[in-house]
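Asks: Chains as they are written, first to last, in my numbering: chain A, 1 to 541; chain B, 1 to 313.
Simulated from the structure, these hints should not be mistaken for lab results. Every value quoted in this text rests on a predicted model; they were computed, and no experiment measured them. Any given hint could turn out to be false.
If we take Cβ atoms under 7 Å as the criterion, some of the chain B residues that face chain A in the derived model are [stated by the list, open to error]:
no.: 1; residue: L56
no.: 2; residue: Y57
no.: 3; residue: L60
no.: 4; residue: G167
no.: 5; residue: N254
no.: 6; residue: S255
no.: 7; residue: V260
no.: 8; residue: M273
no.: 9; residue: K275
Even glycine gets a Cβ: it sits at the ideal position worked out from N, Cα and C.
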Amino acid sequence: MRKKVYSKMMAAALAAAMVLSMAGCGDKGGSESSAPSGSGAVSSETGAGAEESKESSQPGQDEDTGDHEFSYFGSIWSPYQESTPIFDELMERTGIKVNFEWAAAEGMDTLLASKVSSKDLPDVISGGTAGPAAINDLISRGLIVPITEYLDTDLANYGRLLTEEDKLFLTYQDDGEIYGFGLVMDVPGSFSTMIRTDWLERVNMDMPQTWDEWMAVWKAFKEQDANGNGDPNDEVPFGFNYDFQKLVLNIFGMNSNGEFSVVDGEYLYDPENPNYEKYMDALREMYESGLLAQEMITLRGADFNTLGASNRLGSLVGYAEYSKNYTVSCRELDEGAFFQSVVPIQGPDGAQAIPARSKVQGSAFITVAAVENGHLEDILKFFNYVYSDEGIELTNYGMEGEYHDVVDGKPVLKAPYNEGFKTAREKGLIPSTIPFCFTEDVYMQILTGGLNYDELDDTGKTFMDGLTINEPYFYTEPPILQTESYVECFDLREQQVSLRDRYITGEISKDEYNKGYEALKNQGLSQMIEDTKEAYRKMAN
Amino acid sequence: MKGREKVPRIPQKNLWKRIWRAKYIYLMILPVIVWFLLFQYWPMTWLSIAFFDYDLYQGLSGSVFVGLKNFVKFFTGLDFWRLIRNVLLMNLYALAVGFPMPIIFALFLNEFRTRKVKKFVQTVSFLPHFISMVAFVTIVTEFLSPSTGVLAQIFRFFGKEPIFFLGKAKYFRSIMVFSGVWQEMGYSAIIYLSALTAIDVNLYEAAMADGANRWKRLIHITLPGIMPTVVVMFILRVGSLINANFEKIFLFQNSMNLEVSEVIQTWVYKRGMIKYDYSLATAAGLFNGVVALVLVIMANRFSKRYSDSAGIW
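All chains should be modelled from the sequences, with the hints used to inform the complete structure.
Replies: Structure below.
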């Protein structure tokens, strides 16, 4: 009898649990709760907006229809915060509530795909400092609103910050429209070349100037236990983040954006560039001689930073701040460690260049949902304010008295906000998770902590050097033109990269590379090459 | 002509009566049925998007019907044979190496005389199964790293230059298969261990009385005893010959091994989730499912024809 009761209870409990879990799978109704749990998505309504939302969500009350609001689905990464006093202040000043929903950068694309497929399109989509991977497809499907016509009207404050060249850079679609807006960087270039001067002393060599001298130094680093730890095999003479191939391509005369460069007015896919073969051959030789990291194809992000901080890397091209960061880290292992920022490496043919920091990025996009929801005007008004003088001051210096004081009529950041970018970002300043204008003045205030160059220590000086000494060598990267065939050929381009890497690492011969590349061209790369050339011609005219 | 034995028909009225009488049993299987309908059969209705140029925002009603265009595009694409080759080679390799391992391991465990040691070995062998895939791949990547990995240290100890295993396409399949063996061997052995416990001990006693040594008992009693289980597991395994462990492959994939690591599942993911080409991705996925079904049917027929096993159905 008892057993029967137990089995009945068990059956009922199982069925109830299943029904409850099914119910939990349903749509919760609000756009902000549609992201799968545990997927890294976080939803937040900040400040005044959050308060309003809390009040409106009380049972028995009507949902706040929000006359002035819009939803913003954006990428977030450390050290940025989901909710900051700066966001609250922006919303208060504009009278527009922004319903932020954040996604961890690595899960952004998957979440966005699920949002689009479930017709839960947010009003604004932002990939952070660059557009989400799928944005071109969304544009081609007519889901993104062009902003070209608003640059002189509703988004005039943004439009005034753009030169004709910037506008050209942002016009990367077939239809000649501008879709994205985002971070405007009014700051010095960020990339530099760095070399361990203490290693140079240890191997008794001078600062290299020409390509042959660089090669000689790298070989010496490799052969002479340059880090002095007794292991002659652990040095990596030269390194670069795998995602920044453009920093190496330019050594070989290709002023590339990583995929394309402009040669004699023609927009050229890099593998078609006459210098590409030289680049591949040189890297193959370097790899074979052990001058590059054996696992160079996996050196990106944190892995590259680990190598830089490990006292095994002799020279690199990358963000100028690496010179400071890696010096500090390496000094824990070797007191004399020092990464000196130097001018770009002179290539075998004398080319010497480095990409300037892109001034504008099309990272945020207004969707058709904003038009359908009647939020377009609010979005334009909100961001037009962000790019206004007041908005620029607020996003860069924060509120007067709290974040900065006005000295001689100029805003001066207070401690701890001027002590480092991490602290400033944590506290809400320079919020790259939304479109805004980053000024040179605030960049320098944070970089130097209010000190002048002579007052900085050697790590601060080498960082500053990295930002300033490259100016004569800067080139402006051409945009990546998102023609239909460019988007369609994403897998063919991926396979070209695979062929390139296998050639560089000695896995395949030149013949095999050429054969494979020709096959890819026949499959559609040729069409993409011609389409992008044509698109550039149209754009440049 | 052999006729099927006639099963007496249960009158409709009696059927409902019987169901009502066993209502708690049916209530217990209800969640599973609902789960299957909701998460296995309902999503299948969306396979129809393979025949449309599916517009994500307009939905099926706003999409253009294109017939077999997506299938033609998939079959005639440069990737098709590469994807098929990669997935088949990887799975055949895994079948040849990975399938017998849990059986051998279960037989090995079965021969343990010390219960505590047996339990310990069994528990340790289970553990990798419970590590999340990302953590698992990180562990393997670190282990194989030519600069900091354990294997690199061993190479250096013997005066050899470390190898960047993950950067060489020729090692990719072996890494996948042997890391899979490490991860799943212990856990997969459970089913064989349970089959071993079902073998009648009287058979062993009789064999011992007849003078059969351990090896002969293994060959003539143990292996035939677990053979039905082995056959069922084999059929299931053959059915997934064209499937691949997407998560693991995707995490191990890089530009150096792309040529051998791109399989239908990773291709579908990239087409669908990165390129948003859901229709083409679904066409590829549907093809994958149909081939898997055909393989299962074939394996089932072969097992019925060439072994004493009754197959799965």
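Asks: May I ask which of the numbered hints given earlier this structure violates, with the numbers listed in increasing order?
Replies: 3, 7
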